[in-house]
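Each chain, written out:
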Amino acid sequence: MYAINNVHLHINQGEFTALVGPSGSGKTTLLNLIGGLDRPDEGRIEINGIDITAMSANQLIDFRLQNIGFVFQSFNLIPVLTAKENVAFIMQLQGMDKKVREERINTLFKQIGLEDKMDSRPSQLSGGQQQRVAVARALASKPQFVLADEPTANLDTASASNLLDIMALLNREENITFLFSTHDARVIERARRVITLVDGRITSDTAKVDTHEH
Amino acid sequence: MIFRIAWRNIWRNKIRSLVIMLSVAIGLFAGIAVLALYKGMMNSRVRTVIYAESGHIQIHHREFRKDYEAQYTLGLPAKSLNDLRKDPAVRFMAIRTITQGMLATTTGSAGVQINGIDRAMENKVSGLAQKIREGKEFDPHKKNQVLIGKKLADKMKLKPGGKLILTFTDADDNLISAAFRVAAIYQSENTPMDERNVYVQQTELNQLLNLGTEAHEIALILQQDAMTLATARRLQQQYPALLVEPWQNLSPETELMIDTVDITSYIIIGIILFALAFGIVNTMLMAILERTQEIGVMMALGMNRLRLFLLVFLETVLLTLIGTPLGLGIAWIVTTYYNRHGLNLENMGKEMMGSFGFSTLIYPEFPAEKLVAIMGIVLFTALASCIYPAIKALQLQPIEALRK
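Keeping their order, the protein sequence lines are chains A and B.
Mapping the first sequence onto this note's numbering, position 41 (from 1) lands on 41, and the numbers just tick up by one.
Count along the second sequence from 1, then add 214; that gives the number in this note's numbering.
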């Protein structure tokens, strides 16, 4: 039995793509493979021409740090850091200059509409607010693309809609690729490309708009 | 940033962290208390050796201490003795005549060292007068008086006024026996010494030994303890024909005891911290288990293994070090109190401590000179304690950790 089987996929720069399918179809597995969190038993994964399946564990960590942003279903903010510190986390791991970092943080918090919550701990934020901070964290270092696994699953309608607006805006303004794993119809509706997985295989791949090459 | 996360992480479970910090504090206090007690005991022993037994330095004929034969006298003229008395490093000086002999009474006999002393000089150097428990010092109007130790007096069933015979060999190898009467019974902190040493007037002993004005031993009390070795070296150069020895040579068992106690103290602290390490390891393992998903997130976001190790290491070190000043503080307060008031260990065995030459009233001393070594041991404990939890954290795969 295969979690992913015979999947051939090409994602372009700037796409806003949703992976859909029933539970157990392999959406999260595919996302984890693309994100370098898991390794395929067979096959290759290339990002900007770089074969990540040939990388060591340490190389993958560095690659993720520089190129990939993650948004998790259960937010997964670091609880002992404030919202601002959570967003700064990746930039500090990268060794970004403090002034540049501060500017980026301010811009992001403005974009997500949480300027007054920068010094709040995750426990002081609502689910929607936490997820917005998680999106800001994912985008903080201007990654090549963002992988979001069921980002709206734990959010109410208003929060989910708000979050999607933000991600769509950032996708348009910063041309960052977004790849979602989702059951949420609101996400599927916003996506410009929908890839359907069933039992580890792609059964359909529908693009709603053209995007330029990755 | 890693430091910030580590610092905040240890306060996530305040009670658990405080328990560990308190354990470290108590363990450290216990270890330092032991060190302080040992230091106090050793200081007390050294003071006893110097001020109640041998003095800082002793001078003998080179052959004398081999068999204590009467013919091996110092041979120093009066001028040399005077120069020595006036040496700037010398505070007090005692000149003694010494012979080995037998003490016999109607109830039995015992081997003793017979010390011929000048009362005034001897009291300044060894404080003999303060040790008298029964009777009085030498009466200038009486002859052949002897001071004996309490242990010996009890063994020989002697009291002040009691009679005994001292038998020894003189300078010409003649066997001499003389009757003495007990003037006083003394008691020091060193029971074996009390059993071995009797004191008579030097002039009387010299007469019996046929020595004239000669003597066998000079004992010196210096102005400061720290002058001992340098002064001994200097005096040895001044009197090359004689043997000048510091107390460390005269009481090698004391020097050995000090070295042994030092090592023992470190071992005790090491054992205490080793036991504590298990608590620290357990706490850190629990913390990592509780934060498996969080660690997975950090690794997914790009925190490499080195930083993760540093995070676990910092948390462990902070957990260990925070309790350290508390332990040091309590130890300092307690040892300072007892250093001023003394710690009476009489109930722990006065006889037993006396048999090793220890006073029962100890003045513990805070081992400030050992603090660097103690901190090194604490840091090492922290480092050793973090290794296993760090390995468990580093073995986590992000994908599996995220699923927790």
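Be careful, since some hints might not be right.
[As the list claims (entries may be wrong)] With the C-beta cut set under 7 Å, the calculated list includes, among others, these residues of chain B facing chain A: (1) Ala514; (2) Leu515; (3) Gly516; (4) Leu608; (5) Gln609; (6) Leu610; (7) Ile613.
[To be verified] 25 Å max Cα-Cα, derived SDA-like pairs, lysine to any residue: (8) B:Lys228 - A:Ser120; (9) B:Lys228 - A:Val80; (10) B:Lys338 - B:Ile390; (11) B:Lys606 - A:Leu65; (12) A:Lys142 - B:Pro374; (13) A:Lys142 - B:Arg519; (14) A:Lys98 - B:Lys606.
[To be verified] Covered stretches of chain B, going by a simulated chain A footprint (3 or more residues, C-beta under 8 Å): (15) 328-340; (16) 505-511.
Derived from the structure by calculation, the hints contain no laboratory data.
Built from N, CA and C at the ideal position, the CB exists for glycine as well.
Structure-based check of all given hints:
Among the interface hints, the one on Ala514 (chain B) holds; its C-beta lies about 6 Å from the nearest C-beta in chain A, closer than the 7 Å criterion. Hint status for Leu515 (chain B) relative to chain A: holds, with the closest Cβ pair at about 6 Å, below 7 Å. For Gly516 (chain B), the interface hint holds, the least distance from its beta-carbon to any beta-carbon of chain A being 3 Å, beneath 7 Å. Evaluation of the Leu608 (chain B) hint against chain A yields a violated restraint, the C-beta minimum of about 10 Å exceeding 7 Å.
At a threshold of 7 Å, the smallest CB-CB gap from Gln609 (chain B) to chain A is about 11 Å, leaving the interface hint violated. A distance limit of 7 Å between C-beta atoms decides the matter here; for Leu610 (chain B) the minimum to chain A is near 11 Å, and the interface restraint is violated. Hint on Ile613 (chain B) holds. Least Cβ distance to chain A is approximately 5 Å, under the 7 Å limit. Restraint check for Lys228 (chain B) and Ser120 (chain A): satisfied, since their Cα atoms lie roughly 20 Å apart, inside the 25 Å limit.
A C-alpha spacing of about 13 Å is found between Lys228 (chain B) and Val80 (chain A), which places the hinted pair at or below 25 Å, so the restraint holds. Between Lys338 (chain B) and Ile390 (chain B) the alpha-carbon distance is near 30 Å, which puts this suggested pair outside the 25 Å criterion. Of the pairs offered as hints, the one joining Lys606 (chain B) and Leu65 (chain A) holds, with about 22 Å between alpha carbons and a cut-off of 25 Å not exceeded. The straight-line distance between the Cα atoms of Lys142 (chain A) and Pro374 (chain B) is roughly 100 Å, outside the 25 Å bound, and the hint therefore fails.
Annotation: proposed proximity of Lys142 (chain A) to Arg519 (chain B) holds, straight-line Cα distance about 23 Å (limit 25 Å). With a CA separation close to 33 Å, the supplied pair Lys98 (chain A) and Lys606 (chain B) exceeds the 25 Å bound. Interface restraint, the region 328-340 of chain B with chain A: violated (0 residues with C-beta to C-beta distance below 8 Å; minimum three). As drawn, the region 505-511 of chain B meets chain A at 3 residues by the rule of a beta-carbon pair under 8 Å; at three or more, the given contact holds.
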